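With the sequences and hints as input, model every part of the structure.
With my numbering, letter number 68 in the sequence shown gets 68, and the count goes up by one each step, no holes.
In short, the hints are calculated from the structure, not lab data.
The reader is advised that the hints may include incorrect statements.
Computed Cβ-Cβ distance ranges for the label pairs, DEER-style [what the hints assert, rightly or not]: (1) Pro56 with Lys159: 46 to 56 angstroms; (2) Val9 with Ser158: 56 to 66 angstroms; (3) Pro22 with Ala78: 21 to 31 angstroms; (4) Glu105 with Glu179: 23 to 33 angstroms.
Predicted model, so just to flag it, every value in this text is computed and none were measured.
Beta carbons: idealized from backbone N, C-alpha and C, even for Gly.
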Amino acid sequence: MSIVDDHPVVREGTAALLGEQPDIEIVTTAATLEEASQLLDDDSLDVVVLDIRLGPGSGLTALDGRVRRRPAVILLTAYDYPQYADAALRLGAAGFVLKTAPISELVDAIRKVAAGGLSFGVRPSGAPAFSTRDLDVMRLVVEGRSNDEIGTTLGVASKTIETRLRGLFDRLGVASRTELATRALREGWLEVPPHR
1 MSIVDDHPVV REGTAALLGE QPDIEIVTTA ATLEEASQLL DDDSLDVVVL DIRLGPGSGL
61 TALDGRVRRR PAVILLTAYD YPQYADAALR LGAAGFVLKT APISELVDAI RKVAAGGLSF
121 GVRPSGAPAF STRDLDVMRL VVEGRSNDEI GTTLGVASKT IETRLRGLFD RLGVASRTEL
181 ATRALREGWL EVPPHR
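Spelled out as structure tokens, the structure:
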């Protein structure tokens, strides 16, 4: 496997920690986007751990347009943004791990993707599956608003809100407004509402 990170301490420290695992062999390390692109074409590697930020570039750029699935790619980042996980998944990465995660999480991710699986420490947001109106309704439900209040805020009838909520309940497999609000917050579909 290989590690690509533009920070020498992170790159060498991660390589040293991973090298202690009996089933993980660090073949090479790299620091630039150009080197990353070359490694992604090296079919002798099983896994490449790739920093999402490489100097002025992005590890996501190295994945863009890539057709091959070997070596498998795990993106490593300091940024806990679900949209990065969305992009990584869309571009064909097999894993996504935060730099703040324990080394055991990275080790587990490497083992999973080497075996052909996926490992996302940050869950993709899921937000793109929702319309803007769905997100508005969920946000107002999280704020504790009634159907009448949501309808007034959005300029539609209360019955329209009731129908939209039923559709969301069915699609998401939830049975109540409380379950919907809890899941929306837990999955990161919405920002936490401001305190009023």
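Status of the hints after comparison with the structure:
1. Roughly 53 angstroms separates the CB atoms of Pro56 and Lys159, a value that falls within the hinted 46 to 56 angstroms.
2. For Val9 and Ser158, the Cβ-Cβ distance of about 58 angstroms falls inside the hinted range of 56 to 66 angstroms, so the restraint holds.
3. Checking the proposed 21 to 31 angstroms range against Pro22 and Ala78 shows it holds: the Cβ atoms sit about 28 angstroms from each other.
4. Remark: the range hint 23 to 33 angstroms for Glu105 to Glu179 is upheld by a beta-carbon distance near 28 angstroms.
Of the numbered hints given earlier, the model fails none.
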